[in-house]
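**Student:** Chains A and B, in that order, are what the protein sequence lines are.
For the first sequence, position 11 (counting from the first letter as 1) is numbered 11 according to our numbering, and the numbering increases by one without interruption.
For the second sequence, position 111 (counting from the first letter as 1) is numbered 111 according to our numbering, and the numbering increases by one without interruption.
What you were told as hints is all true, and nothing was included just to trick you.
Which chain A residues face chain B? A few, computed with CB under 7 angstroms, are given here:
#1 N39
#2 Y41
#3 A47
#4 I50
#5 T51
#6 I54
#7 N55
#8 G57
#9 N59
#10 V60
#11 I61
#12 E62
#13 N71
Read the hints as simulated data drawn from the structure, not as lab findings.
Note that CB positions come from ideal geometry on N, CA and C, so glycine has one too.
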Amino acid sequence: MRPDIAIIADLVTPGARVLDLGCGDGELLAYLKRAKGVNGYGLEIDAEMITSCINVGVNVIEQDLDQGLANFPTDSFDLVVMTDTLQSVKRPDVMLDEMLRIGRECIVTFPNFAHWRCRLYLAARGRMPIAKHLPHRWYDTPNIHLCTFADFEALCATKRLTVIERFVVDSEFANRPIVSRFPNLMGTTAFYHLGRPR
Amino acid sequence: MSDRIPADSVGVITPHQQIFETPVKLLCGRTLPRIELMYETYGELNAARSNAVLVCHALSGHHHAAGLHAVDDDRPGWWDSAIGPGKPIDTNLFYVVSLNNIGGCHGSTGPRSINPETGRAFGPDFPMVTVRDWVATQAMLADALDVRRWAAVIGGSLGGMQAMQWAIDHPDRVAHAVLIAAASRLSAQNIAFNEIARQAIVSDPDFDGGRYLDAAHNPARGLMVARMIGHVTYLSDDGLRDKFGREIKSGDLATASDVQFQVESYLHHQGRSFSQYFDANTYLLMTRALDQFDPARDFGDDLVAALRTARSDFLVIAFTSDWRFSPARSKEIVDALIAARRNVVSAVVDTPHGHDAFLLPVPRYFKILRAYMVHVAARMAVQG
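Model the full structure from these sequences, guided by the hints.
**Tutor:** Right, here's the structure in full:
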């Protein structure tokens with residue numbers, strides 16, 4: 001199983017209505033349906049991924065996130081999830097607003113550009129970092145809005161979003177004490193469980 | 001089996017006729033004293049009766065969806081590409097039923113049938129039928145075939161509307177509804193095209209107020225124009241450009257003499273052949289049924305409320321270049337299904353073939369349909 005799925009599943013209330021933005025092959029939703037009995041829907045634009053979702057019996061909707069989510073009514077979901085996709089949408093800030101309009105809560109995960117390996121890579125080689133959690137080259141990466149955990153926290157503070165829970169892991173998806181102590185230096189992926197503005 | 005018949009064909013098929021000697025009350029208030037339905041079946045009904053699939057036809061369709069009527073038949077059924085052993089609607093897994101709806105002109109009770117009250121053809125007196133009436137009469141056929149619950153009801157265009165109506169009217173009898181290039185109701189533009197087609201028919205002097213059969217003629221010119229209008233709206237601008245461009249069939253552009261473009265010749269051919277086999281009153285009736293379809297109307301114009309009565313899962317497929325039943329119309333259905341908490345899969349297939357794509361073996365479209373039907377078979381515990 002994808003290592004982030006267990007972490008997300010722990011944050012999901014059984015029976016919740018879940019919208020997964022950029023649901024990929026549907027593995028997360030298939031698991032949440034099986035383990036948590038959620039009523040889930042996923043949005044995806046990749047044809048192969050959509051077929052994979054059909055194969056595992058996941059509700060997949062072909063829709064481009066960058067075309068907006070206006071078709072989803074306010075408060076129509078309990079939880080909106082977006083894993084490893086926020087950094088690839090046109091406007092991550094607007095996306096966050098939309099996620100918390102459609103759902104009461106949201107979970108976002110994204111890679112940390114301030115991980116020490118990235119810092120070292122950039123400092124020592126003077127080139128855009130390539131790491132396990134950031135495997136693409138600058139010209140073929142889907143990640144057009146990379147940020148650090150500190151950047152994201154600053155955005156949450158500006159928007160006065162409620163951070164219900166924050167969970168940071170290293171490239172092994174383990175939450176070692178050192179990662180918790182220095183998340184922006186030692187963490188590769190963050191899980192933010194957010195609520196509406198205070 | 002002849003070696004002329006491909007291995008993935010359902011082969012030579014004999015149509016069946018089911019006669020109901022009971023009066024059928026229609027939504028319009030009128031009653032048909034008896035009805036006949038022409039239908040075909042492909043594949044075998046399993047012991048659990050859990051693998052039956054209903055295929056609903058569109059405006060100009062009929063019961064002959066797959067296979068051939070004779071070994072030397074050069075035209076297979078209208079959806080032969082999708083139905084057969086190993087095809088997306090796999091007859092190794094499913095028992096597929098396809099019928100000609102009432103009001104049709106391919107053998108089921110329709111305007112060409114004899115009205116027992118007058119002893120002559122119904123013609124224009126055939127009662128108005130609706131998508132709900134079709135679903136009700138399809139349910140009568142299901143009863144006759146001892147199919148309690150369809151594993152799937154599938155249709156494109158007007159056929160998709162029937163699949164949607166099935167899910168709403170008989171929630172316990174449909175496990176999956178497959179809506180291809182459909183809409184929950186027609187737009188004003190769409191109704192407008194249908195009305196132009198109808199006017200072409202009724203203004204043909206041979207139409208005779210719909211009594212053309214009595215005088216043994218056929219409003220062929222009207223039908224031809226109606227089909228030409230319809231056909232061009234089923235294709236896309238890009239599709240027509242790719243297929244014909246500005247290619248000249250005859251004449252000379254340099255001297256501007258007797259110029260006929262290929263696209264004109266193509267439309268004439270399509271219109272002419274259609275006018276030879278299709279009944280004008282049926283065309284009027286079918287387009288009226290199409291215009292009037294609006295299941296939300298019975299639920300205070302709330303499509304979500306209408307779909308909340310459904311218990312089936314849904315697959316909704318749209319085509320990017322379809323401007324007659326555009327992806328936006330499918331999106332409305334999908335959004336309403338999500339709000340109604342129904343399970344739904346939706347795909348928007350990129351193709352230049354316009355509305356007609358639903359009849360064509362577009363690779364991604366068939367891949368999705370196949371994957372979904374495999375999922376349906378698994379859920380219905382159907383063994384291959």
